[in-house]
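> Each chain, written out:
There are 2 protein chains.
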Amino acid sequence: MLIDGRPARAVSVADRGLQYGDGVFETLPISAGVVRHWERHLERLRLGCARLGMACPEDTLLRADLDRLRAGVDHGVLKLIVTRGVGGRGYRPPDPARPTRIFVRYPWRPYPTALYRSGIVVRVCATRLSRNPVLAGIKHLNRLEQVLARHEWADPEVHEGLMLDTGGRVIEGTMTNLFLACAGRLVTPDLSESGVLGIMRGLCIEAAARVGLETEIRAVDLAEMYTAESAFVCNSLVGIWPIRELQGKGKRRYAACDLLARVTAAMGPDAIGGT
Amino acid sequence: MLIDGRPARAVSVADRGLQYGDGVFETLPISAGVVRHWERHLERLRLGCARLGMACPEDTLLRADLDRLRAGVDHGVLKLIVTRGVGGRGYRPPDPARPTRIFVRYPWRPYPTALYRSGIVVRVCATRLSRNPVLAGIKHLNRLEQVLARHEWADPEVHEGLMLDTGGRVIEGTMTNLFLACAGRLVTPDLSESGVLGIMRGLCIEAAARVGLETEIRAVDLAEMYTAESAFVCNSLVGIWPIRELQGKGKRRYAACDLLARVTAAMGPDAIGGT
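First to last, the protein sequences are chains D and G. So the first sequence is residues 53 to 327, counted in the working numbering. So the second sequence is residues 53 to 327, counted in the working numbering.
The reader is advised that the hints may include incorrect statements.
What the hints assert, rightly or not - With a cut-off of at most 30 Å between alpha-carbon atoms, the simulated DSSO-like pairs for lysine-lysine come out as follows: (1) G:LYS191 / G:LYS131; (2) D:LYS131 / G:LYS303; (3) D:LYS191 / G:LYS191; (4) D:LYS191 / G:LYS303; (5) D:LYS191 / D:LYS131; (6) D:LYS131 / G:LYS301.
Honestly, the hints are just simulated from the structure, not real lab data.
Chain D with its partners taken away, still in its complex shape:
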């Protein structure tokens, strides 16, 4: 664990990350000694900082921390948190503010192969995502909605929860983005008002394009989840998990689908994330 480049395990109580969730984060796999897609994560981190009007730590500093934490590690998970730094009382950001950068390395816990082969079970969460274009897309530290959604179930047989926004549109999983195969087309929810623009989501859209599949990015309603032929979720750690079953007002079982198989194949090693 490194805080501002030094080994440490605690942050100041005055840090605005704790006080207000005033910051952004990234979660990345170390796979076969390599931090996958670091440049893309860095780009989103920078975008997040810009959107929050805060400075982003210099690339060289982040890169140095990264190299230190991945040295000699075959598989692992890195979490990077960047906060606006220490401040006084009150919402007003300090000026100048010096961002805090926190890198934590976790051990890699492999996901069961069955989740990739047979797919996962997803429930529809009662907790809704609020809609605000100012915060949509970026991976900021205000994550109470995800926490409350994930708190809704304890059944280990349910692997992910699907979240709708307050307007009833399907947005994403608690920790993943969502893709559907609808009437032979690839669809993923529009995230301009809610949700996180996942790195793996972007890679899926690009991989699909490489095999001649265009992805429709648009509003998705819950009824479509029941009419879709097939669906999968993705994030940087897990790669792609097909959805086997959706548990909502009714149960929906999905069949394997050629369209999603083509995307997964085009993804190559990214389809298995950090595994």
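Position chain G relative to chain D; hints supplied.
Then chain G, alone, in the frame of chain D:
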């Protein structure tokens, strides 16, 4: 500063307060050696913890910390943060979770008397509050919207920013609740989808009732801010500040108003908060 009852200045990086803004807070004045309205703040804290599905520290522990921090202090500000505690990676709350309680004492910085007598200048913020009944009302740690709103201006002559929700309704100030005098009636925005149920807001409603004034709690649109006879904001630290001028698409100057003067008078010392 006390963390879980012990003098400390830093919290674990693994604390969910930092990781997700997973917690609640209270800000209270110490005035003439007394922590004002502690029971009401405690009640809101408990409500917030219950709404987030987390344990609240025992009253006796909080009270012991409080007594330690107010001992020998004439005026000051206390901030209490309660988080869900330390956890592993992922949104799922640990079970069992042991909440972290953090008490910080700040020195009292008196507000200029003119703000109470002549009133304050308020701007209309561009940053909107999202709407989500699950999080509305409680004083949780996901405060990026307030941070972004407060980041919109640096002019020290502007004292507060008015925030609308994403539907265009007037909700509150960045750090205060709002009251209006409209057609001879006292009005305050409904907070069932956005905003914080302020302790001082509750005290104002009760004080108004004591002098025979009922408060309408309802949706307020921005146009009403321009037709209102008068308006004020309030919170536990400042008490009541009349609004002198609203800066939005047009400027609106408010006159002193008998109705608000009656509420202020009925509030007694609460009208001047920690001062």
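> Confirm or reject each hint.
Verification of the supplied hints:
no.: 1; hint: G:LYS191 / G:LYS131; verdict: 12 Å, holds
no.: 2; hint: D:LYS131 / G:LYS303; verdict: 47 Å, violated
no.: 3; hint: D:LYS191 / G:LYS191; verdict: 22 Å, holds
no.: 4; hint: D:LYS191 / G:LYS303; verdict: 37 Å, violated
no.: 5; hint: D:LYS191 / D:LYS131; verdict: 12 Å, holds
no.: 6; hint: D:LYS131 / G:LYS301; verdict: 43 Å, violated
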